[in-house]
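Enquirer: Taking the hints into account, I'd like the entire structure generated from these sequences.
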Amino acid sequence: MKDLLIILLVCFGASANAQMEGWAQTFKDTRVINGHSVETSQKGAMKFVISHRFGALNGGTYELFGLDQSTIRMGLDYGLTDRLTIGAGRSSFEKTYDGFMKYRLLVQKDDNSPISITALANMAINTLKWENPDRENFATSRYFYTWQLLLSRKFSDDLSVQLMPTVVHRNLVPNEDIAHDVISIGGAIRYQLTKKMALQVEGYYIPEDQLASDFTMPLSVGIDIETKGHQFQFSLSNSMGMTEKIFITGTRNKWTDAGVGLGFNITRDFRIRGRK
Amino acid sequence: MMRTFLIITSALLIGVFFMQSATLRPVNEESRLAEILIRLGQNRPAHYLETIDPVKAEMGKEMVMKARTENAPSGRSSNYISTIFVCTDCHNQVKEDPNPAKLSPEARLDYAIKNDLPFLQSTTFWGLVNREAWYNDDYILKYGALVKPASTSLYESTQLCAQECSSGRKLEEWEAEAINHYYWTLELKLKDLELSSEEYNRIDQAIATENPEIRRSVIGLLKSKYMVYSPANFVDVPVSKAKGYANTAVGNTEVGKEIFDRACMTCHQYGGPSLFILDYSKKSFRHMRRNITRNDQLSLYEIVRHGTYAELGHRQYMPRYTADRMSNQQVEDLRAYIEAEAE
Chain A
1 MKDLLIILLV CFGASANAQM EGWAQTFKDT RVINGHSVET SQKGAMKFVI
51 SHRFGALNGG TYELFGLDQS TIRMGLDYGL TDRLTIGAGR SSFEKTYDGF
101 MKYRLLVQKD DNSPISITAL ANMAINTLKW ENPDRENFAT SRYFYTWQLL
151 LSRKFSDDLS VQLMPTVVHR NLVPNEDIAH DVISIGGAIR YQLTKKMALQ
201 VEGYYIPEDQ LASDFTMPLS VGIDIETKGH QFQFSLSNSM GMTEKIFITG
251 TRNKWTDAGV GLGFNITRDF RIRGRK
Chain B
1 MMRTFLIITS ALLIGVFFMQ SATLRPVNEE SRLAEILIRL GQNRPAHYLE
51 TIDPVKAEMG KEMVMKARTE NAPSGRSSNY ISTIFVCTDC HNQVKEDPNP
101 AKLSPEARLD YAIKNDLPFL QSTTFWGLVN REAWYNDDYI LKYGALVKPA
151 STSLYESTQL CAQECSSGRK LEEWEAEAIN HYYWTLELKL KDLELSSEEY
201 NRIDQAIATE NPEIRRSVIG LLKSKYMVYS PANFVDVPVS KAKGYANTAV
251 GNTEVGKEIF DRACMTCHQY GGPSLFILDY SKKSFRHMRR NITRNDQLSL
301 YEIVRHGTYA ELGHRQYMPR YTADRMSNQQ VEDLRAYIEA EAE
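So the sequences go chain by chain: A and B. Residue numbers for the first sequence follow this note's numbering, so the first one is 1 and each next one is one higher. Residue numbers for the second sequence follow this note's numbering, so the first one is 1 and each next one is one higher.
What the hints contain is simulated information worked out from the structure, not anything from laboratory work. Hints may contain errors.
DMTMM-like cross-link-like pairs, simulated, lysine to aspartate or glutamate; straight-line CA separation at most 20 Å [to be verified]:
| no. | chain 1 | residue 1 | chain 2 | residue 2 |
| --- | --- | --- | --- | --- |
| 1 | B | LYS283 | B | GLU341 |
| 2 | A | LYS196 | B | GLU343 |
| 3 | B | LYS282 | B | GLU343 |
| 4 | A | LYS254 | A | ASP209 |
| 5 | B | LYS223 | B | GLU29 |
| 6 | A | LYS195 | B | GLU339 |
| 7 | A | LYS109 | B | ASP261 |
| 8 | B | LYS95 | B | GLU106 |
| 9 | A | LYS109 | B | ASP279 |
| 10 | B | LYS257 | B | GLU339 |
| 11 | A | LYS196 | B | ASP296 |
| 12 | B | LYS257 | A | ASP157 |
| 13 | B | LYS282 | A | ASP157 |
| 14 | A | LYS196 | B | ASP279 |
| 15 | B | LYS114 | B | ASP261 |
| 16 | A | LYS228 | B | GLU311 |
| 17 | A | LYS196 | B | GLU339 |
| 18 | A | LYS228 | B | ASP296 |
| 19 | A | LYS195 | B | ASP261 |
| 20 | B | LYS142 | B | GLU311 |
Distance windows between CB atoms, simulated [unchecked claim]:
| no. | chain 1 | residue 1 | chain 2 | residue 2 | range |
| --- | --- | --- | --- | --- | --- |
| 21 | A | MET46 | B | GLU70 | 19 to 25 Å |
| 22 | B | ARG216 | A | HIS230 | 55 to 61 Å |
| 23 | A | LYS109 | B | VAL55 | 37 to 43 Å |
| 24 | A | PHE270 | B | LYS170 | 17 to 23 Å |
| 25 | B | ALA242 | A | PHE270 | 35 to 41 Å |
| 26 | A | LEU193 | B | ASP236 | 30 to 36 Å |
Reference listing, derived: stretches of chain A covered by chain B, where coverage requires no fewer than 3 residues with Cβ under 8 Å from a Cβ of chain B [stated by the list, open to error]:
| no. | segment |
| --- | --- |
| 27 | 190-200 |
| 28 | 267-274 |
The C-beta atom is built at its ideal place from N, Cα and C for all residues, glycine as well.
Expert: Next up, the structure:
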């Protein structure tokens, strides 16, 4: 443990003076659609992220194609260094609080690496009222953890691809047939359509026998629009979740049933500290 | 009694003689230009420093490079002067003109290419303390009355730059003092003026004489070897953006690439101070080409010649390039490069 701390301190120390100039910008933002991209926030930059997900289009006119059902996540990310970002947020879906730490291990181009690698650790806590408050309930049963390795490559000025091997750990599951640890592999593609607009697709493949049969794999398609200081992302997704434990292990809707909902992310960067 | 008086008087006279010898250093290539001018009878500038404190100069350098110092007098890091910009986003810290007496954007770009320097909007800090005016000429059109105190005082111009140009805050007195000490590490020495041996002799003779005419003429000689102020002439966009600037040659794409690399990308690369990121992709160049004839800041001409202004919520802005920092021909060279890359 001590050795690990020393390694981390050396890594963080070495990165303290790192600058993003010369880095390949694989994605334009720290989020692809629901999940994280390989990008980290610039040192000293505070990013305000506001995300909305609406209900499924197959709700018809009664639900105004899902607009009557909306969930929101508001969060703040902060770049401690150009490589290390921390963040926290609160999502109305299951009244979930989450916090994460993201560290850029390798950068395409600048580190003479063909790919960029970022490690992500995330923790989420569901704070819904206890269904049965009279029995002994444990706060730890509502903890969820996610570990991801984000591996990306910018193949050309227009095309970026990312793979996300992921483990989601759930402290409590409904029954013993369901796995506590869900292993999945995510994939994301970004294709630049114009200088300011890109098409993005993000999905996760979850090998069988890890989730109950009514859960499915999340798939999202979105348009990313870059403006001065803001990033707008509009998406269609079969998941209403904005934290890993929800969209990876809690997606029930299916694209084949028009079980997809509109969503958007808006991010805005504020400078808290100087750039150097 | 008389003997004691004579001994003390002699000792004092000898002491004064040696003190003068120590102060009046011989004139050579390493002589400080400002000191020589003072010895020739020029008034001491308000920002003049007899000696440079290396500790303060180092603090000042940190503030110039990083917008704060980690070694403030409090023992802790100082607050950022600006969270948006650092001085080096707009100012080089080394000689940037091959001939300090004749400033031209073409010569400066050639010199920047040879010495791998950025090609920036604002003048270098090298020799800044030797200038006699700042925020010159048309800067009054941008900053109005704020320019008046700044134009005749390096202290005030530094304060104006810290607050307005860098979207930052007023410098504390110790910060301004430390930055001034740093500025003086970049002062001109006689060697920077490339004087002939005959001119060195004239300086020696002028210092030795009490004749004000001779001294004035040598002061004139020295000031003809560098610019005592940097001109700043604002230029408008061409009458027809489609046709570009009149009286210019066909744009040179090689020169344009150098300008794109050394000017645009200094701030617009990923991780730079600008929120508008540029890269070398076709889409990026096509975006620029498509907007050339627009009448807003997306147009190359508008952004180069008018820049942008800091706004509430968007304190990042782009300072304009004056005619003295980028010529009309260079703008056309840049356009030619953008258009060629967009093909």
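Enquirer: So, for every hint listed, does it hold in this structure?
Expert: Taking the hints in turn, this is what the structure says about them:
1. Restraint check for B/LYS283 and B/GLU341: satisfied, since their Cα atoms lie roughly 10 Å apart, inside the 20 Å limit.
2. About 19 Å separates the Cα atoms of A/LYS196 and B/GLU343, which keeps this hinted pair within 20 Å; it holds.
3. Between B/LYS282 and B/GLU343 the CA atoms are separated by roughly 8 Å; this keeps the pair inside 20 Å, and the hint holds.
4. A threshold of 20 Å between alpha carbons decides the hint, and for A/LYS254 with A/ASP209 the separation of about 18 Å falls inside it, so the pair holds.
5. With a C-alpha separation of about 16 Å, the suggested pair B/LYS223 and B/GLU29 falls inside the 20 Å cut-off, and the hint holds.
6. For the suggested pair A/LYS195 and B/GLU339, the alpha carbons sit about 15 Å apart, so the restraint of at most 20 Å is met.
7. Between the alpha carbons of A/LYS109 and B/ASP261 the distance comes to roughly 18 Å, so the proposed pair stays at or under 20 Å and holds.
8. Of the supplied pair hints, the one linking B/LYS95 and B/GLU106 holds, its CA atoms being roughly 15 Å apart against a limit of 20 Å.
9. Taking the CA atoms of A/LYS109 and B/ASP279, the gap is about 14 Å. The hint holds against a cut of 20 Å.
10. Proposed proximity of B/LYS257 and B/GLU339 is supported: the alpha carbons are some 11 Å apart, at most 20 Å.
11. A threshold of 20 Å between alpha carbons decides the hint, and for A/LYS196 with B/ASP296 the separation of about 17 Å falls inside it, so the pair holds.
12. Restraint check for B/LYS257 and A/ASP157: satisfied, since their Cα atoms lie roughly 18 Å apart, inside the 20 Å limit.
13. Restraint check for B/LYS282 and A/ASP157: satisfied, since their Cα atoms lie roughly 8 Å apart, inside the 20 Å limit.
14. At most 20 Å may separate the alpha-carbon atoms for a hinted pair to count; A/LYS196 and B/ASP279 meet this at roughly 12 Å.
15. For the hint linking B/LYS114 to B/ASP261, the alpha-carbon distance of about 14 Å falls within 20 Å, and the restraint holds.
16. Taking the CA atoms of A/LYS228 and B/GLU311, the gap is about 12 Å. The hint holds against a cut of 20 Å.
17. Restraint check: the Cα-Cα separation between A/LYS196 and B/GLU339 comes to about 19 Å, which is no more than 20 Å; the hinted pair holds.
18. Among the hinted pairs, A/LYS228 with B/ASP296 is consistent with the structure: their alpha-carbon atoms are about 14 Å apart, no more than 20 Å.
19. A distance of roughly 19 Å separates the Cα atoms of A/LYS195 and B/ASP261; the hinted pair therefore holds under the 20 Å criterion.
20. Of the supplied pair hints, the one linking B/LYS142 and B/GLU311 holds, its CA atoms being roughly 15 Å apart against a limit of 20 Å.
21. Remark: the range hint 19 to 25 Å for A/MET46 to B/GLU70 is upheld by a beta-carbon distance near 21 Å.
22. A hinted range of 55 to 61 Å for the beta carbons of B/ARG216 and A/HIS230 is consistent with their spacing of about 60 Å.
23. Taken as a hint, the range 37 to 43 Å holds for the pair A/LYS109 and B/VAL55, whose Cβ atoms sit roughly 39 Å apart.
24. For the pair A/PHE270 and B/LYS170, the supplied restraint of 17 to 23 Å holds, since their beta-carbon distance comes to about 22 Å.
25. Separation of B/ALA242 from A/PHE270 is about 39 Å and conforms to the stated range, judged on CB atoms against 35 to 41 Å.
26. Range check, A/LEU193 to B/ASP236: about 35 Å between beta-carbon atoms, so the 30 to 36 Å window is met.
27. Look at the segment 190-200 of chain A against chain B: 4 of its residues bring a Cβ nearer than 8 Å to a Cβ of that chain, three or more, so the hint holds.
28. Coverage of the segment 267-274 of chain A by chain B holds [criterion: at least 3 residues with CB-CB distance below 8 Å; count 5].
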